[in-house]
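Take the two lone chains, each set in its own frame, and fit them into one complex as the hints suggest.
Sequence order for the protein chains is A and B. 87 is the number that the UniProt record's numbering gives the last residue of the first sequence; the numbers go up by one with no jumps. 1211 is the number that the UniProt record's numbering gives the last residue of the second sequence; the numbers go up by one with no jumps.
The set of hints was computed from the structure by calculation and includes no laboratory data. Everything numeric in this text was worked out from a predicted model, so none of it was measured. Take the hints with a grain of salt, since some may be wrong.
[Stated by the list, open to error] Straight line, CA to CA, 27 Å or less: simulated DSS-like cross-link-like pairs of lysine-lysine:
id, chain 1, residue 1, chain 2, residue 2
1, B, Lys-332, B, Lys-302
2, B, Lys-1200, B, Lys-1099
3, B, Lys-109, A, Lys-73
4, A, Lys-84, B, Lys-202
5, B, Lys-866, B, Lys-935
6, B, Lys-1182, B, Lys-1199
7, B, Lys-935, B, Lys-973
8, B, Lys-369, A, Lys-30
9, B, Lys-75, B, Lys-95
10, B, Lys-866, B, Lys-922
11, A, Lys-73, B, Lys-162
12, B, Lys-49, B, Lys-95
13, B, Lys-1128, B, Lys-1083
14, B, Lys-832, B, Lys-822
15, A, Lys-30, B, Lys-162
16, B, Lys-202, A, Lys-73
17, B, Lys-977, B, Lys-1072
18, B, Lys-977, B, Lys-1008
[As the list claims (entries may be wrong)] Derived CB-CB ranges, DEER-like:
id, chain 1, residue 1, chain 2, residue 2, range
19, A, Asp-27, B, Gln-999, 25 to 31 Å
20, B, Asp-1152, A, Asp-27, 32 to 38 Å
21, A, Asp-27, B, Thr-52, 51 to 57 Å
22, B, Thr-907, A, Gln-37, 20 to 26 Å
23, B, Arg-146, A, Leu-28, 46 to 52 Å
[Claimed, not checked] Reference listing, derived: stretches of chain B covered by chain A, where coverage requires no fewer than 3 residues with Cβ under 8 Å from a Cβ of chain A:
id, region
24, 113-127
25, 161-174
26, 806-813
27, 1060-1073
Each residue gets a CB set at the ideal place from its N, CA and C atoms; glycine is no exception.
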Amino acid sequence: MSSELRYTANTQLEHLHARYTGTGHADLTKYDWLTHQHRDTLSSIVGHPTLTAYLAIADGACTGRVKYEMTEKMLQPCGPPPRKDDD
Amino acid sequence: MHLYNLTLQPPTAITQAIVGNFSGVRQQEIITSHGTRLELLRPDPQTGKVATILSTDVFGSIRSLAAFRLTGGTKDYAIVGSDSGRIIILDYDPKTSSFVKLHQETFGKSGARRIVPGQYLAVDPKGRSVMISAMEKSKLVYILNRDAAANLTISSPLEAHKNGAIIHHIVGLDVGFENPTFAALEVDYTESDQDPTGEAFKNAEKMLTYYELDLGLNHVVRKWSEPTDRRANLLLQVPGGQLASSDRFDGPSGVLVCCEDHIIYRHMDAPQHRVPIPRRKHPLDNRDRGMLIVSAVMHKMKGAFFFLVQNEDGDLFKVTIEHEDEEVKSLKIKYFDTVPVASSLCILKSGFLFVASEFSNHYFYQFQKLGDDDEEPEFSSTSYRSFGMADPTAPLPNEYFRPRPLENLALADELESLDPILDSKVLNILPNSDTPQIFAACGRGSRSSLRTLRHGLEVEESVSSDLPGIPNAVWTTKKREDDAYDSYIILSFVNGTLVLSIGETIEEVQDTGFLSSARTLAVQQIGTDALLQVHPEGIRHVLANGHVTEWKSPSGKTIVNATTNKRQVVVALSSAELVYFELDLEGQLNEYQDRKAMGSTVLALSIAEVPEGRQRTPFLAVGCEDQTVRVISLDPESTLETISLQALTAPPSSICIAEMLDASINKSQPTLFVNIGLQNGVLLRTVLDPTNGQLTDTRTRFLGTRPVKLIRVQIQRNPAILALSSRSWLNYTHQNLMYFTPLIFESFDFAWSFSAELSPEGLIGITGSTLRIFQIPKLGTQLKQDSIPLSYTPRKFIAHGNYFYMVEGDHRVLGEDAGEKKLAELRQQGKKIDQEVIDLPVEVFGRPKAPAGTWGSAIRVIDPVKAETVAYIPLDSNEAAFSLAVVPFLVRGGELHLVVGTAADTTVSPRSCSSGFLRTYKFTDEGRGLELLHKTETDDVPLALLAFQGRLVAGVGKALRIYDIGKKKLLRKVENKTFASPIITLNTQGSRIIVGEMQESVSFVAYKAPENRLLVFADDSQSRWVSAVAMVDYNTVAIGDRFGNIIVNRLDTKESDQVDEDPTGAGILHEKGILMGAPHKTKMVAHFHVGDLITSIHKVAMVAGGREILLYTGLHGTVGILVPFVSKEDVDFISTLEQHLRTEQSSLVGRDQLSWRGYYTPVKAVVDGDLCETFARLPGSKQSAIAGELDRTVGEVLKKLEQLRVTTSGF
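Looking at chain B on its own, in the form it has when it is part of the complex (with noise of 0.2 Å):
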């Protein structure tokens, strides 16, 4: 087995992001780290949409992002700390739209490491050196500097190690020109290391040490090292220095040190300041945890400073420092808004926050002011005994505040984000689909989703109307050649024609000067201000001052089809003659003097665009009855020349030749490509070449089941083709690649770019008698989301019947049962209660917090079709569930009951619970409703369950357990304790049970009826961290671990049949065991490191009527695929470009992808596609070159990248 695999849906998880002007330009944007992906979005200060420029795979994981300015510089740099143990600065080039690795300097041993730096970043804000980290001792110090020629240069590391350190973090000190100093937040673990008696953990203090890079010695020395709060998790730079106009200091330097529930303003030689970090008002909230600040933005404007930290529960907080020069008066602090948890938050100049959420959707909000003068109270450093610093061990007094809905910032724009999927299911249940689509349960806590992901692009629409009669055909035109937007629609019906108006209203109008009484076959804007009508009796030729010039068809012939650009108009004649025409320059249409005959009826025409700068275009394309497609030329010196022939395997529909820019084929210029819709719904595209006309480079793809109907439209000032079979495609250019969408919309029978003032960048369309307009707002996405909210973390969900059965659970939250009670019981108490407060959306506040061990849970029956929730039963008694499983009953005659597996009290560190159940429920009302009919106490909580044989198979902690139901209780009837850590994941066939632990890897388990026993005959050599399995044959699992693997195990074939023909089992339980676990062991036969944690793998066909493949879903949000390759010489040509493109496309962070993609054991029979699929953005010359080595053309290889991609997922 040989797997090639390929990333369908990047991971959408933000991980950090910074800001800056990468471009160099004055408009600033923000890079994303996705983890394993660098984005550049550019934020449009006009509208506040976000949209995406770059992006790009680093193969590598980066774990740390920073951006920096030369001093007097106006571009920004980004610097990446990764896993490589390199250090890289990256430059944003904004002509080819790249990263550019500017430097790329190597101090330690590639993977996160403990003692390898990479894990924090902080820059001098001169732009003068930047710090890298590793989490304990290591840290290094370059020096930035520019060369003669202004190129950027870095310096050989200096050493600040301090061994026995753990690092919480660093930050770049503001003090101007001075020596560069950054602090770090250290504790020493030494002393605590020897000390036996525990005292020197006790009192280990945490340290802020100041250290200077001396720029005269070029050494770095420990300046400063004072200890702090020793719960402080955060550093903050305040601005410091003096202007070089003025003597005003820009703030008074030092740090914010963020602790738990407190705030401390430090430098050196200056009185501390310390303000409580205020909490919510909330009759519910949990006042015993401790607060942290977890992400924060200091943001300088002209002459003041402010902060906005943000705590646990998603709080913004608006920190002020007043200060006189360099000394601190006060520090204040106030509640600003609440928005969800971010990993990290940017202010835009331009008065935008982007916050950019741990988990699920990001939002990019305006400020609509800053909090100044509103009524929030304010907590500042001097109402508190010497700055808050009199007792630092003490806590301040508790500061409350009341959260209230946005008042400060405005939504401008939100990016959907996967993150974290943490359960899917891939199944083809919506109506009018011929793929299936991926059900993936999204999102944490409040903000979960259920998210229905279908291959294609959204389309909005903005219009529709019925129309009187149903049209064959729809246009747009312009009046003029320099008009900015369409001017009429005409629709042709079978026996007339309809021009409407466009302006304050739609409305039909008569002396436009088309014909009206008979059909039309095509609608021309020409020339700078005429228009053109191709009707079947001939062609009307509409000036500009109302006077119309009529060719008239030959007598007994009727014109069947015809193309037409600005200058030229082909028609064929149903006598299958074309004529052509062009327009001379005094805005004539001159009939060419000879008509060519073609001998088979014409079934197709296209002419392109003319091209910029030219007469005419040089080629026409002809479609006839005979299954041929032929290039006609048009050039003066050749006209009506046949210059080549292909033979297509079905008549064709439509033909379209467009010029498009593709830079897998060239970089520079569009290509023209001839594109050729079949009647059997096949669309072929290939490659015209401009110098001889030849057709090369045929690809394929099977649109839908009705004729394809090609039409070229604009979109966002593109050309792009519209293709219409039983579906619509959009084929269009995005970010300078070709891309082949589905839109998720009803087909249509025609469609038409439509340009109007609402609606410029527009499509209009015709399905039956209505008539639609349209937009495709999200070019680029390949997946199309709809959601359905949820109310808790989804744990696990699964299919039957029409619904969707899902368990939700929240740690460390008061359910809806549990906070109704308490409420209850603080009204009982007299206490009063703030309703507002309680009222707050539970989407953005999120649930009241509670002690570890509370749990919120409840069980979902979902509509996936209608998208809406049927049933929602919460559970009580601080139960949570985990698993569940439909099971048909043998001794209730196959009756269908849904088990669910809870644990009542339950601990996730140490795993405890106080008892587990498995909840039996009955169906009600067609699957629409669950009743429960028993409880069973199980002694451990049960992560996973199955059908199997008519019972029900349950991992209940370590133990694996066959039930039989009973009249008040699940019956155990046969249990295996030989397991070593829990077990979370059951598959099954036949009779045998594959399982699935946390820890050890999967083991291969049987029941022997007869005996009733479960003997476990095969494991793994290895033990894996597991998190999904899916079976993909009777022999062979496919696994996904904890740390981002994924491996296919297989058991020999022959251990397996041995195993199922011993009757009873006595054979296995009494044969030797090999290295302590079972006597078989299965072999690794695939295993590859895709980088995001697997959640689900899935064996299923894409595209209808495809092979059957492995998809899975990542905890950050990706979607991929892993596809068997089908011969050995696609295994050795793929392999083989891979080498090559391994030695010609270094990664962005410096890591190597062979050690990549085997970070913990080498890749093995695994293809990573997402390097292959790079082959398409590498320079024209490097493509050859490779090709060249592999013995093919650039075109072939293309091919059968696309091939391997299309035919497996369709994407």
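Just chain A, same shape as in the assembly (with noise of 0.2 Å):
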């Protein structure tokens, strides 16, 4: 945790988050968490020439064919979300 975190007030906090795209917070829900996961999973793949080709291969497509897939995933990589409990 950085020591902007540590030591100031959550107008702060509010910000990073804002700026940290897929930082978690206390209040996270198991849905945020995993849609996180999974952004930055696919983000990931998509990122590393070597395991985008490992997919390919495995798969019987082509590289493109997986990037673009795997970024179209990062839309809604766990479904849609739950509903909340108060409605």
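Put into structure tokens, the structure is as follows:
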């Protein structure tokens, strides 16, 4: 945790969360966490040429297709969010 | 344990390629990214061949590359987006032949992260700015300019972020000299993240957004954003803007949006145009699948432009836009040609197309025509309602083309690439070889191959002819100094000499002035136009007018050895005396008044070539029978005085002094090397100090079993040395560094340079009574490749007896049998079938595609020595093979069986199959054939099989089982189902089985026979995505993982013994597990990030009598080794060197080397040899500074590095 986060008030914290997408917080739901994880993983696969190639070989698709499908999947990697309890 | 990592064969996959004038001259060059390396290729427009000029490791992962040129400039720069969190601008410096980092701007954390830019790059076509973007949200724009001194400047970044936007692609818009604008393809996820009904997700729109950089306000604004096709994946720049000289528009500007099945022309405030991507008119093609454009290139010519786009099958389409000023009239698409699927396409102005294949070899094509006036149907947006945009959500009707062999392109060159290596074996099975070969299963789909990799240079033989007798030497010579080519071939026999003249034919000539009745010791073109022959009885000096002057050897003495150059001759007499001659200004050969007595029979002599602009070379090296080499002065002041002496371990057989460039010793000037070949097959290479004649920096190498012969030759106009023993070696300079590589050819008795019109760079050699003329075409390569074609992607193979057994399989592909069946069905339905299309070669066009869950697969038996397939067994009923093992079943008296693990109707994601099978085959015909005994059903895919104590151990899905053979089936004997993820590797030693899991690292399993139990007694404390495992010893395993790490884990000996001593395993069974796993944990002893996905690891000795090392292969074509250090001193020395180099050599992409090698876990106990070897390329002052810190000389450091490499790998 950066020193900024440790000493400053919540206003700063919110700002930091907005800035660093994917950072967790105390009230994070399981769904949000999972979605973040999946998006990180998917973007990491696209970002590493060897991983893209590996998946492409396993699946019999070309790397261009794998990259595209992975990026598409980032939109909603874990399905729609769960309904909130209070409504 | 401490290891030294060294890459023998760097990755050959090209992830991206860009073209530009990087040297700043007219000729265009290509920069390719190999994931972790940058390479500069220079295509020769005359010959159509591609040469590698520079290849450098960047110690980081390159994610994007772009070429740009400042307005009005003539030189292109390369911008690199990597995982370093920095943007890098590189300049190629042709003088030093290296990349220079001009700018390095930090903007974020390192690593390939979601919101740290580096994934995409887009440049303004006028070279005014660049946008670098992440996968999500972040986009930064840098302004590029030049300062007063015409240096390139870069601004601080301007943000163009958009929260919650996933970025598919970005591209720079061609807007002429208006404000630079970038187009991005984005999808916003904020709404779909909030909507539990899934409605927002369904309605999410892919937006085409223009970001304008306002140069006046120094600010980026979102100028325009409109939804486009949801399945869009790629943007392409359309030329635009006006020429300065005329009012004509270059093009309409805007972008092409490539979507699944369609291409749309799009621009702000302009009507859209849409065309379908035509499909193959193939009877077996799966018409339901969408078709993406995976790579594309735009090419501008004078007043025109076109696009080449490539779909997933490799079909190229030419896309053109008809426009009137800025108004688009129509968008047209037509089939162009079919080439392998590319990761990048580059068009060169000289009329070539570079196809950087995503897998396997890369190709360089020449355009024959541009597909302008052919019969090919063209599809235009004007033939559809509202230019194809009447209903943007509905697809346009399918259009078809007929695939055909190349018509517009012709192959000019091919660059070999191992990528992807899926499995390998290291064995020495080829005859007449003392070092092992690497057999690599490479490639994808129908372009797969099994390649034999041998360390050495490829030799191309052009002439081979038999001679009447067995010559002992051969020479070639020109008649005059300024002749371009050689005129004579001189062959020396035991009692005579034969002279052949080189013309249109090679024939014997008589009147050359050479003595034909005696054998020849040396031949030399001397002075401007004379020839010289040294024979045992004397020296013949043949002048241009045919006049011969002869020097006779003193009576009773004969000449035993001679060495010559353009102006000097030294001969050794049988009385152990040296006689020295020098050419005077009149062209007369004069004997020096004194003779030098050596006191011991002279075995070898050598003088260097006369240095440029000098009268003579001042040194003579003499090798004597008393096991010494003496350097003798030829300087007029001290003629024939001994300067220095070196003792040898064996009598010398040959000496060769040559001046060669080796940048690790001297960057600006060639170094004078004295190479001494010994009779025991050892070569010593020493450096001759030109000022005092001392011999320093001796390096040794074992060449072969025969006495070494050394010959100075010319290779690509540079001096090189051929060293002949039981193997032939070539010592040459490539990219300024010295290489010493064996030739893969028969051994030679003698050889010489050969230059004629047909083969200007050739060599001539004799083997027995055969004369051969040959070339060495691929200098700089370390591994020669020979390949055997395969049908499908190779999955695994094993070596057994004289044969290889291989399983191949491809997903989403119609197998041969299934294809035939479907065709027969179609025929029966009375459908017409275009046989020509069916018969197109699958290597180029691929097999017909099928939906997920369809497999084409086969088992193949290969004879690796003859390089041919001896049996091929295709699998039917949609079965695919994944694993295999040769098992000697004990109950059948150790009879060998091949067990192949297959599965039917397998899908990759989610992992499933209708049924797995273990197919048991009997060997027939001494292993050349296979006969199916029976098939055993399993509940999951058997991914790993292994012979274990006369039975079969199989990893079936997540279960580990032992099977024994039965009459109708394999019988399950014992099972362990405690594994959390599928088992993918198995290794064994004794009663221990090492199980590698897909996600959960490696476990140690003990088989307790008395109780028939499989017990997991140790595992890893970390989960790893295992991709390859090898046992280093009984307690140690080397693991390769999917993220490019190599890990060595070790189990404590005490714990290991304890488990082995427990007869029933009851102790382990009741022991308490640690961390929800096995009771014991292995300890990590080494960890290193290679940067390529490890596909196999072997423990082998690469040189005869050498140490065992770990050799690994990587998916991108890497072959590397891990060498254990033998002493603590070496570890200290090399790690200190590494530490110094880390500070000296900053990575080209700005990645910290230590953090790169410790990408996921800090590096442990491994030294980066690739970094250490860059020591040779450092400037001399830095070299000596580092060497000084280490208390060594530069030579000692280089020698240590070379020794580490040579003694363990032979490279």
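A quick look at each hint next to the structure:
1. In summary, the hint linking Lys-332 of chain B to Lys-302 of chain B is supported, as the alpha carbons are separated by about 20 Å, within the 27 Å threshold.
2. The hinted pair formed by Lys-1200 of chain B and Lys-1099 of chain B meets the criterion: a straight-line CA distance of about 23 Å does not exceed 27 Å.
3. Restraint check: the Cα-Cα separation between Lys-109 of chain B and Lys-73 of chain A comes to about 24 Å, which is no more than 27 Å; the hinted pair holds.
4. Restraint check: the Cα-Cα separation between Lys-84 of chain A and Lys-202 of chain B comes to about 20 Å, which is no more than 27 Å; the hinted pair holds.
5. Between Lys-866 of chain B and Lys-935 of chain B the alpha-carbon distance is near 31 Å, which puts this suggested pair outside the 27 Å criterion.
6. Note on Lys-1182 of chain B and Lys-1199 of chain B: the hinted pairing holds, with a Cα-Cα distance of about 17 Å set against a maximum of 27 Å.
7. As the CA atoms of Lys-935 of chain B and Lys-973 of chain B are separated by approximately 17 Å, the hinted pair is consistent with the 27 Å bound.
8. With a C-alpha separation of about 59 Å, the suggested pairing of Lys-369 of chain B with Lys-30 of chain A is violated against the 27 Å cut-off.
9. Between the alpha carbons of Lys-75 of chain B and Lys-95 of chain B the distance comes to roughly 14 Å, so the proposed pair stays at or under 27 Å and holds.
10. Taking the CA atoms of Lys-866 of chain B and Lys-922 of chain B, the gap is near 23 Å; set against the 27 Å cutoff, the hint holds.
11. At roughly 19 Å between alpha-carbon atoms, Lys-73 of chain A and Lys-162 of chain B fall within 27 Å of each other, so this suggested pair holds.
12. Using a Cα cut-off of 27 Å, the hinted pair Lys-49 of chain B and Lys-95 of chain B holds, with the two alpha carbons roughly 22 Å apart.
13. Between Lys-1128 of chain B and Lys-1083 of chain B, the direct Cα distance comes to roughly 21 Å. Compliance with the 27 Å bound is thereby established for this hinted pair.
14. Restraint check for Lys-832 of chain B and Lys-822 of chain B: the C-alpha separation of about 13 Å stays at or below 27 Å, so the hint holds.
15. Restraint check for Lys-30 of chain A and Lys-162 of chain B: the C-alpha separation of about 25 Å stays at or below 27 Å, so the hint holds.
16. Straight-line distance between C-alpha atoms of Lys-202 of chain B and Lys-73 of chain A comes to about 13 Å, which keeps the hinted pair within the 27 Å bound.
17. Of the pairs offered as hints, the one joining Lys-977 of chain B and Lys-1072 of chain B holds, with about 18 Å between alpha carbons and a cut-off of 27 Å not exceeded.
18. Under the criterion of a C-alpha separation no larger than 27 Å, the hint pairing Lys-977 of chain B with Lys-1008 of chain B is consistent with the structure, at around 16 Å.
19. The supplied range of 25 to 31 Å is met by Asp-27 of chain A and Gln-999 of chain B, whose beta-carbon atoms lie about 30 Å from each other.
20. Separated by about 36 Å at the C-beta atoms, Asp-1152 of chain B and Asp-27 of chain A satisfy the suggested range of 32 to 38 Å.
21. Between Asp-27 of chain A and Thr-52 of chain B the beta carbons are some 55 Å apart, a value that agrees with the proposed interval 51 to 57 Å.
22. One distance hint, 20 to 26 Å for the beta-carbon pair Thr-907 of chain B and Gln-37 of chain A, holds here, with the actual separation near 23 Å.
23. One distance hint, 46 to 52 Å for the beta-carbon pair Arg-146 of chain B and Leu-28 of chain A, holds here, with the actual separation near 48 Å.
24. For the region 113-127 of chain B, the stated coverage by chain A is satisfied: 5 residues place a CB nearer than 8 Å to a CB of that chain, which reaches the threshold of 3.
25. Note: the region 161-174 of chain B has 4 residues with beta-carbon separation from chain A under 8 Å; the three-residue rule is met and the coverage holds.
26. With a threshold of 8 Å between beta carbons, the proposed coverage of the region 806-813 of chain B by chain A holds, since 4 of its residues qualify and at least three are required.
27. Given as covered by chain A, the region 1060-1073 of chain B fails the check, having 0 residues with a CB less than 8 Å from a CB of that chain where 3 are the minimum.
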